[in-house]
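Engineer: This is what each chain is made of:
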Amino acid sequence: MVPVTWYLWLAAVLFTIGLSGVLLKRNALIVMMSVELMLNAANLTFLAFARQSGNIGGHAIAFFVIAVAAAEAAVGLAVVIAIYRTRGSVNVDEVRALRE
Amino acid sequence: MQITAELVCFWIFAIPLVVTALGVVVARSPVYAAMNLVAAFFFMAGLYVLLAAHLIAFMQILVYAGAVMVLFLFVIMLLSLDEEHPQRERRRAMQYVGVLGAVSLLAVLASAIARVPDAAMSTLAQPDRFGTVKAVGQVLYTEFLLPFEVTSLLLLVAIVGAVVVAKERI
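Chains as they are written, first to last, in this note's numbering: chain A, 1 to 100; chain B, 1 to 170.
Just so you know, the hints here were simulated from the structure itself, not pulled from any lab data. For each residue, glycine too, the CB sits at the ideal point set by N, CA and C. Just so you know, not all the hints are guaranteed correct.
Quick partial rundown of chain A residues pointing at chain B, CB under 8 Å, derived from the structure [as the list claims (entries may be wrong)]:
#, residue
1, TRP9
2, LEU10
3, VAL13
4, LYS25
5, ASN40
6, LEU44
7, ARG51
8, ILE66
9, ALA67
10, ALA82
11, VAL90
12, GLU94
13, ALA97
Result set (SDA-like, lysine to any residue): computed pairs, CA atoms no more than 20 Å apart in a straight line [as the list claims (entries may be wrong)]:
#, chain 1, residue 1, chain 2, residue 2
14, B, LYS134, B, LEU145
15, B, LYS134, A, PHE64
16, B, LYS134, A, GLY88
17, B, LYS134, B, LEU156
18, B, LYS167, B, LEU71
19, B, LYS167, A, GLY88
20, B, LYS167, A, ALA82
21, B, LYS134, B, HIS54
22, B, LYS134, B, PHE144
23, B, LYS167, A, VAL79
24, B, LYS167, A, ARG26
25, B, LYS167, A, GLU72
26, B, LYS167, B, HIS54
27, B, LYS134, A, ALA67
28, B, LYS134, A, GLY57
29, B, LYS167, A, ALA71
30, B, LYS167, A, ILE83
31, B, LYS134, A, ILE61
32, B, LYS167, A, ILE81
33, B, LYS167, B, LEU156
34, B, LYS134, A, GLY54
35, B, LYS167, A, THR86
Based on the provided sequences and hints, a complete structural model is requested.
Structural biologist: In structure tokens form, the structure reads like this:
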């Protein structure tokens with residue numbers, strides 16, 4: 001039997017990889033992919049604890065996380081397309097209209 | 001710890017998962033990053049099966065590797081970034097500080113995980129039913145009925161919002 005802490009370790013490593021991607025990459029698309037990775041790491045934690053405790057509520061939460069991630073991807077990609085149309089670039093450093 | 005089939009399967013899925021996840025961040029081209037992410041989602045689905053979450057594993061492949069990643073690839077090809085922006089990304093000192101922060105977050109998570117009692121997985125009351133469509137559906141339509149309905153509203157808003165934002169002229 002694989003102990004639950006191994007799954008937690010794996011989820012922590014995946015979350016860190018996703019967070020580094022968000023902070024390191026400047027392409028908005030890859031930043032969004034890294035966010036998906038972080039959401040998946042959270043899902044893995046929910047499912048690991050659901051399996052450990054025998055409580056199926058964690059599966060319902062994972063279901064909602066997937067639905068929210070799909071909505072996030074749809075709206076986020078629409079924003080990326082709109083930004084590309086007006087600025088011709090998807091570099092997140094160049095999008096600072098609110099700051100200036 | 002004796003070597004069981006579950007242990008072997010865990011490593012078979014876990015090691016490529018971390019490798020492909022790193023590939024998402026390391027890849028220079030968005031298409032390679034997307035392909036790595038698809039592979040990572042498949043390995044993640046394998047881990048979900050190991051955790052007896054059959055429905056969620058199936059949805060992972062159907063929704064994530066299927067719908068969401070196709071959406072990503074559509075946008076990548078729509079923007080055709082590869083030909084226009086071949087330059088190397090400029091790195092800033094703040095980015096490295098950010099990664100340092102991410103690694104320290106890992107340290108915080110590690111200290112939290114170290115405190116989790118290393119209890120064995122519970123023996124399931126109905127092992128053949130845990131994580132199936134029937135079991136998850138039952139809890140979704142009773143305990144989580146309101147969040148479930150609100151999710152449908154959220155998806156509707158997301159569809160309308162995506163069209164409004166992305167369309168040139170309504």
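Engineer: Confirm or reject each hint.
Structural biologist: Evaluation of the provided hints:
Given the 8 Å rule on beta carbons, the hint for TRP9 (chain A) holds: about 6 Å separates it from the nearest Cβ of chain B. Taking 8 Å as the C-beta contact cut-off toward chain B, the hint placing LEU10 (chain A) at the interface holds, the least distance being around 5 Å. For VAL13 (chain A), the suggested interface contact is upheld, since its CB lies about 6 Å from the closest CB of chain B, less than 8 Å. Hint status for LYS25 (chain A): holds, given a least beta-carbon distance of 7 Å to chain B, under 8 Å.
Contact between ASN40 (chain A) and chain B, as hinted, is supported at the beta carbon level, the nearest pair being about 6 Å apart and thus within 8 Å. The interface hint given for LEU44 (chain A) is met, as the beta carbon of that residue sits about 7 Å from the closest beta carbon of chain B, less than 8 Å. The restraint placing ARG51 (chain A) at the interface with chain B holds, with a minimum CB-CB distance near 4 Å, inside the 8 Å limit. Hint status for ILE66 (chain A) relative to chain B: holds, with the closest Cβ pair at about 5 Å, below 8 Å.
Interface restraint check: ALA67 (chain A) against chain B, minimum CB-CB distance 5 Å, threshold 8 Å, status holds. At a threshold of 8 Å, the smallest CB-CB gap from ALA82 (chain A) to chain B is about 5 Å, leaving the interface hint in force. A least Cβ separation of about 7 Å between VAL90 (chain A) and chain B falls short of the 8 Å threshold, and the interface hint therefore holds. For GLU94 (chain A), the suggested interface contact is broken, since its CB lies about 11 Å from the closest CB of chain B, more than 8 Å.
The criterion of a C-beta within 8 Å of any C-beta in chain B is not met by ALA97 (chain A), whose closest approach is roughly 15 Å, and the hint is violated. For the suggested pair LYS134 (chain B) and LEU145 (chain B), the alpha carbons sit about 15 Å apart, so the restraint of at most 20 Å is met. Annotation: proposed proximity of LYS134 (chain B) to PHE64 (chain A) holds, straight-line Cα distance about 17 Å (limit 20 Å). The hinted pair formed by LYS134 (chain B) and GLY88 (chain A) fails the criterion: a straight-line CA distance of about 48 Å is larger than 20 Å.
This hinted pair does not check out: LYS134 (chain B) and LEU156 (chain B) have alpha carbons roughly 25 Å apart, beyond 20 Å. Distance check on the hinted pair: LYS167 (chain B) and LEU71 (chain B) sit about 16 Å apart at the alpha-carbon level, within 20 Å; holds. Between LYS167 (chain B) and GLY88 (chain A), the direct Cα distance comes to roughly 16 Å. Compliance with the 20 Å bound is thereby established for this hinted pair. Restraint check for LYS167 (chain B) and ALA82 (chain A): the C-alpha separation of about 8 Å stays at or below 20 Å, so the hint holds.
A distance of roughly 11 Å separates the Cα atoms of LYS134 (chain B) and HIS54 (chain B); the hinted pair therefore holds under the 20 Å criterion. Straight-line distance between C-alpha atoms of LYS134 (chain B) and PHE144 (chain B) comes to about 14 Å, which keeps the hinted pair within the 20 Å bound. For the suggested pair LYS167 (chain B) and VAL79 (chain A), the alpha carbons sit about 10 Å apart, so the restraint of at most 20 Å is met. Pair hint LYS167 (chain B) plus ARG26 (chain A) does not hold up; C-alpha atoms about 24 Å apart against a cutoff of 20 Å.
Between LYS167 (chain B) and GLU72 (chain A), the direct Cα distance comes to roughly 17 Å. Compliance with the 20 Å bound is thereby established for this hinted pair. Among the hinted pairs, LYS167 (chain B) with HIS54 (chain B) is inconsistent with the structure: their alpha-carbon atoms are about 38 Å apart, more than 20 Å. Distance check on the hinted pair: LYS134 (chain B) and ALA67 (chain A) sit about 19 Å apart at the alpha-carbon level, within 20 Å; holds. Restraint check for LYS134 (chain B) and GLY57 (chain A): the C-alpha separation of about 13 Å stays at or below 20 Å, so the hint holds.
Restraint check for LYS167 (chain B) and ALA71 (chain A): satisfied, since their Cα atoms lie roughly 17 Å apart, inside the 20 Å limit. Pair hint LYS167 (chain B) plus ILE83 (chain A) holds up; C-alpha atoms about 12 Å apart against a cutoff of 20 Å. Note on LYS134 (chain B) and ILE61 (chain A): the hinted pairing holds, with a Cα-Cα distance of about 16 Å set against a maximum of 20 Å. This hinted pair checks out: LYS167 (chain B) and ILE81 (chain A) have alpha carbons roughly 9 Å apart, not beyond 20 Å.
Restraint check for LYS167 (chain B) and LEU156 (chain B): satisfied, since their Cα atoms lie roughly 17 Å apart, inside the 20 Å limit. For the proposed pair LYS134 (chain B) and GLY54 (chain A), the alpha carbon gap of about 16 Å is at most 20 Å, so the pair holds. At roughly 12 Å between alpha-carbon atoms, LYS167 (chain B) and THR86 (chain A) fall within 20 Å of each other, so this suggested pair holds.
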